[in-house]
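Trainee: Sequence:
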Amino acid sequence: MKKILLSFLLLLPLKTLALDTGLETAAEGTGLKTIDSVPEAARILINAALSLLGVIFIIMIILAGFKWMTASGDPKKVEEARDNIKNAVIGLAVVLAAYAITYFVFQALGVEGFNSNGGANGGGNPPPAQR
Numbered sequence: 533m534k535k536i537l538l539s540f541l542l543l544l545p546l547k548t549l550a551l552d553t554g555l556e557t558a559a560e561g562t563g564l565k566t567i568d569s570v571p572e573a574a575r576i577l578i579n580a581a582l583s584l585l586g587v588i589f590i591i592m593i594i595l596a597g598f599k600w601m602t603a604s605g606d607p608k609k610v611e612e613a614r615d616n617i618k619n620a621v622i623g624l625a626v627v628l629a630a631y632a633i634t635y636f637v638f639q640a641l642g643v644e645g646f647n648s649n650g651g652a653n654g655g656g657n658p659p660p661a662q663r
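Take the numbering used here: the final residue in the sequence shown is number 663, and no numbers are missing along the way.
It cannot be assumed that every hint is accurate.
As the list claims (entries may be wrong) - Below, a list of computed lysine to aspartate or glutamate pairs in the DMTMM-like style, where the Cα atoms sit at most 20 Å apart:
{"id": "1", "residue 1": "Lys618", "residue 2": "Asp606"}
{"id": "2", "residue 1": "Lys599", "residue 2": "Glu611"}
{"id": "3", "residue 1": "Lys599", "residue 2": "Asp615"}
{"id": "4", "residue 1": "Lys599", "residue 2": "Glu612"}
Unchecked claim - Distance ranges between label pairs, derived from CB positions:
{"id": "5", "residue 1": "Val610", "residue 2": "Val570", "range": "46 to 52 Å"}
{"id": "6", "residue 1": "Ala559", "residue 2": "Ala581", "range": "31 to 37 Å"}
{"id": "7", "residue 1": "Gly605", "residue 2": "Leu555", "range": "55 to 61 Å"}
{"id": "8", "residue 1": "Gly597", "residue 2": "Glu560", "range": "35 to 41 Å"}
{"id": "9", "residue 1": "Phe589", "residue 2": "Gly563", "range": "30 to 36 Å"}
{"id": "10", "residue 1": "Lys534", "residue 2": "Ile576", "range": "51 to 57 Å"}
{"id": "11", "residue 1": "Leu543", "residue 2": "Val626", "range": "40 to 46 Å"}
In short, the hints are calculated from the structure, not lab data. No residue lacks a Cβ here, since even glycine has one placed at the ideal position from N, Cα and C.
Make the full structure from the sequences, and use the hints.
Mentor: Encoded structure:
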C-alpha cells in the first residue's frame, strides 16, 4: 500500500504539468505581461524577497518593542530587547545593501523595472493639462 501511495504522489505532478489552464490567454487578454527572460524573473523574485524581508523587519521591531515594554524593569529582558532591535536594524542595513547591489547590477544589465524615472509616475511626458 505504501508503494502505491508513494508512486501516486510521485506521478501526480506529471499529470498536472500537462494541464492547459488557459492562464496565459487570460493574462494576454487583460494586458498582463508574461515573464520573457531570466533577468526579468530574477528581478521579480528579488523584489518579492526584499519586500518580504522588509515586512519581517517591521515584525521584529514590533516584537522587540513589545518585549521591552513588558520587561517590567528586568535588566536582562531589556538588554535582550535592545539586542533584538539592534539585530533587526543591522538586518535592515544588509537588506538595503542587497537592494542597492541588485539595483546597480540590473541597471548595468538594462533589465526593465529597475530604471530610475524619478518615482512612481516620474519621467516621461508631462500630464495632459501641462502640454
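Trainee: Hint by hint, note whether the structure agrees.
Mentor: Outcome of the hint check:
1. Lys618 x Asp606: It holds: about 18 Å lies between the C-alpha atoms, which stays within 20 Å.
2. Lys599 x Glu611: holds (10 Å)
3. Lys599 x Asp615: With Cα atoms ~11 Å apart, Lys599 and Asp615 stay inside 20 Å; holds.
4. Lys599 x Glu612: holds (8 Å)
5. Val610 x Val570: 46 to 52 Å: Since Val610 and Val570 have Cβ atoms about 48 Å apart, the given range 46 to 52 Å holds.
6. Ala559 x Ala581: 31 to 37 Å: violated (23 Å)
7. Gly605 x Leu555: 55 to 61 Å: holds (57 Å)
8. Gly597 x Glu560: 35 to 41 Å: The hinted range 35 to 41 Å is violated for Gly597 and Glu560, with Cβ atoms some 47 Å apart.
9. Phe589 x Gly563: 30 to 36 Å: Distance hint for Phe589, Gly563 holds at roughly 34 Å.
10. Lys534 x Ile576: 51 to 57 Å: With Cβ atoms ~39 Å apart, the hint is violated.
11. Leu543 x Val626: 40 to 46 Å: Since the Cβ atoms of Leu543 and Val626 sit about 42 Å apart, the hinted range of 40 to 46 Å holds.
Checked against the numbered hints above, the structure violates hints 6, 8 and 10; every other hint is satisfied.
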